[in-house]
Amino acid sequence: MSREVRQRFDVLVVGGGPAGVAAAVRAAEAGVRVGVVDDNVNLGGQIWRGGPEHEKETSAAGWISRLRASGATILCGLRIFHQPEAGVLLAEGHDDLHVLSYTKLVLATGARERFLPFPGWTLPNVTGVGGLQAMVKSGLPIRGKRVVIAGTGPLLLAVAAYLREHGAEIPIICEQASWSSLARFGVALFGQPGKIAQGLQLKRQLAGIKFSANSWPLAVHGKAAVEAVVIFRRGQTEAIACDYLACGFHLVPNIELPLLLGCQIQRGYVRVDDYQRTTVQEILCAGEPTGIGGVELSLAEGQIAGLVASGQMTEAKKLFGARNRARYFARSLDRAFRLRSELRRLPSPDTIVCRCEDIRYSRLSRHTSWRSAKLHTRCGMGPCQGRVCGTSTEFLFKWNPDSVRPPILPVRVESLAAMSSELDLECSGVSGGHK
Amino acid sequence: MTAASYDVVVVGAGIVGVACADQFARRGMRVAIVDRDMVGAGATAAGMGHIVVMDDSEPQFSLTRYSQTLWQGLRLELPDDVEYEQCGTIWIAADDEEMAEVWRKREYYNKRGVPTEVLDAQTLQRLEPNLRPMAGGLLVPEDAVLYPPCAARFLSERAQAHGAKFLLGDSVAQIGQGRVHLSHGLQLAAEVIVNAAGAYAPDLTPGLEIRKRKGHLVITDRYPGFIRHQLVELGYLKSAHSVTSDSVAFNVQPRRTGQVLIGSSRQQGAEHREVDNEILVRMLKRAQEYIPDLMQMSALRTWTGFRAATPDKLPLIGPWPADKSLFLAAGHEGLGITTSLGTARLLADHITGAKPEIPIEPYLPSRAAKVEVHA
Ligand SMILES: Cc1cc2nc3c(=O)[nH]c(=O)nc-3n(C[C@H](O)[C@H](O)[C@H](O)COP(=O)(O)OP(=O)(O)OC[C@H]3O[C@@H](n4cnc5c(N)ncnc54)[C@H](O)[C@@H]3O)c2cc1C
Ligand SMILES: Cc1cc2nc3c(=O)[nH]c(=O)nc-3n(C[C@H](O)[C@H](O)[C@H](O)COP(=O)(O)OP(=O)(O)OC[C@H]3O[C@@H](n4cnc5c(N)ncnc54)[C@H](O)[C@@H]3O)c2cc1C
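Protein sequences appear in the order of chains A and B. Heads up: the first sequence begins at 1 in the numbering used here, then just goes up one per residue. Heads up: the second sequence begins at 436 in the numbering used here, then just goes up one per residue.
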């Protein structure tokens, strides 16, 4: 049996991205006992992770050093997988199990990329957009490589700039959204000084890169890996040779843990009040799970959640204005990058949709619900637990996701076996067979 | 209102219901089958899919063995996704006392024509190197495993091909007197109504003695070849002394994918579907006693299901004495995947007056009444 570590916190934060870090900082600086858990070895979440180079970024460096000085306990490399009883979360470490008790809980579990299936998308060197950036951050050589970037969302631009800075050649960025919805997004940005600066900065970094709206990938060709991607652009198809296709269709919130804990979900996001409180007592939520909105919104919500969790309501209120402005931006994001229905027709009958279980489109299209598809094809029953294909089929077939059961992430059997330690361990077999 | 009329209306499209619908439809009857959910979404979705011969009682043996031969006969027709694998069962003996049980069981099976092989400690170790050293075991090579939801779907498609009509997403509110009342007002008329609603059968037929017995399962990631047979403990001799109603036993299954399905638990009176940590932990610790390395495997999912338990551990198959239009095919406890095929044949033989291959008497619902008289 692995080692068991027990700790108790006044405020426990799940997620060490901008939202979680900000929450932990504001709570810990008030002197309460704070713990912040993240499943990665490094703090920082999707955007700040990636080690020392990235901690130099002003805002990241500021927040992370503030966290280190705040007295909060940083628990990296732990995956929260279950709540065996109210007020207690279980986390699996590399070779131990952590039993974390809390008085207040802040969920800051972030978001992941949405992938959509199309012919060839499972070939090597087809990656996520943020995914490729992460690979480069952890050492993948990209200098001189041709990278086509496709999908939707602001991440396309941010990553294009990043990859180019690291020597990649970007023949084109294909954004599925139309110019008109992008224009509306542009308009919404005027209320956002920070964003405009960021946009301008990117503009300089992106100068000369071909950017196409109304454009998306149709198929990937290649033998052992990507050799070319066929895209749809200006009403025509076009093959572009490349070494990588980085493709992602905006972000989806990680709401599995909030769901497991019984938080109410509204239109796909965790429902919170002005104080970032969920519908479950003692549980708050901040960042992407309440709505995809970028770093500034995550920071504002995180701070509010941390302040509220540590009883600083007046302080929290002062941030409502900033938070609400950032939220306005978030809502415009959702509208601007809404997926067009043509993308539902991307997969061909033999396109794999569920990579864990190798389930192809034609086997799924016969079903009328996610549950039926899961049950009869085992789609979504692999190690990713449907995080990839559940998200794509939700869009492709308009299926509703299923309920969530522990463990919300795959864990060692021994971690499940440690879920309850006060029990009487006397085991008895009964009647033979015992099916 | 004029009701659509059928020869048979089956309530419940679990594996038992679809097997019945298939049998009736193949015999030329006009069949409808109603389920409030989809095909195979009840206990059938939760079951392990062990096609196993059991010897708790003579009738249990007859029905499981008969059913197993029916599965064997279907084998070539089963689509690939049913994942029928004749991997065999090994009943594990932890000590000499249990080894004596191995010999008894072998005697019993051999007398009835079921091939078996007694395994000594070394042979068992060779066949299943990941098992902790044990006294020995009994290999029953004709036992098999399958994936129940796809088996149910296969039977439902066969029934449909023979004209059975599926009414899915419709809840049945009431049955009896040749009428099936759906919740939103529709009525079906039927000569024969089959209550195959599994653990929910008593909701429709009050007075039926069926209790829910909850079970937990855990499935791992893929570890091809880790175990090769369904492995089940023979430990019931010792637990005969235990009077706790909740229990766990070592019972693990190799899936074709290389995944390992870990069972099993039994809880009385638990009505909610959520995972109960305490019993799950007990179940896993039990498994650990047999296969320590199981603990290092990655567990992907856990789930629960309700077995439909009768007081004498035998299913209820045949006419319900209080209503001559009403028949039962329910109460299959932990063996309904196995015994679905036998149940369907027996019931269809009984109703059509054909000669059954095994006697139906031990399973007739009227026995319940007898039990009461003597009690
Ligand atoms: C792949 C990817 C790359 C991105 N790159 C950029 C970029 O370059 N520029 C940009 O402006 N925006 C980027 N974004 C958007 C960015 O993530 C958000 O704007 C912002 O980081 C959100 O912060 P957050 O704190 O809400 O969530 P996140 O940064 O996502 O942090 C959540 C953290 O919680 C952890 N977590 C979740 N569940 C558990 C659990 N059960 N147990 C333990 N830990 C858990 C996650 O691993 C993660 O570290 C990216 C997003 C993604 C998905
Ligand atoms: C953990 C576990 C492990 C098991 N392992 C095995 C094994 O290895 N081998 C084996 O042979 N058996 C096993 N079993 C037992 C097996 O799963 C069941 O006996 C079998 O699935 C019962 O099938 P059924 O069709 O009777 O019931 P169900 O599959 O439950 O079907 C009943 C159907 O009736 C429907 N229904 C109920 N009420 C209504 C209503 N009012 N209106 C409309 N529809 C209604 C339900 O929606 C459901 O679909 C196991 C069971 C469990 C729980």
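Worth flagging that the hints you see were computed from the coordinates, not collected in a lab. One or more of the hints may lead you astray.
Unchecked claim - With beta-carbon atoms standing in for the labels, derived distance ranges:
#  : chain 1 : residue 1 : chain 2 : residue 2 : range
1  : B       : H619      : A       : N400      : 20 to 26 Å
2  : B       : D442      : A       : K223      : 40 to 46 Å
3  : B       : D728      : A       : A86       : 51 to 57 Å
4  : B       : L511      : A       : T368      : 49 to 55 Å
5  : A       : K223      : B       : T787      : 58 to 64 Å
6  : A       : G268      : B       : E592      : 33 to 39 Å
7  : B       : R691      : A       : G235      : 31 to 37 Å
8  : B       : R657      : A       : Q264      : 32 to 38 Å
9  : A       : A225      : B       : R547      : 56 to 62 Å
10 : B       : T787      : A       : T368      : 30 to 36 Å
11 : A       : R366      : B       : R691      : 50 to 56 Å
12 : B       : T504      : A       : A239      : 53 to 59 Å
Unchecked claim - Partner residues are not named here, just some residues of chain A that face chain B (Cβ under 7 Å, in silico):
#  : residue
13 : A224
14 : L375
15 : P406
Stated by the list, open to error - Here are some of the chain B residues that sit facing chain A, going by a computed Cβ distance under 10 Å:
#  : residue
16 : P494
17 : S497
18 : L513
19 : D516
20 : V653
21 : L715
22 : V716
23 : K720
24 : R736
25 : T737
Only a predicted model underlies this, so the values are computations on that prediction, with no experimental measurement involved. Glycine included, every Cβ here is placed at the ideal spot set by N, Cα and C.
Sort out which numbered hints this structure fails and list those numbers smallest first. Checked against the structure, the hints that fail are numbers 2, 3, 4, 7, 11, 13, 16, 17 and 18, while the rest are satisfied.
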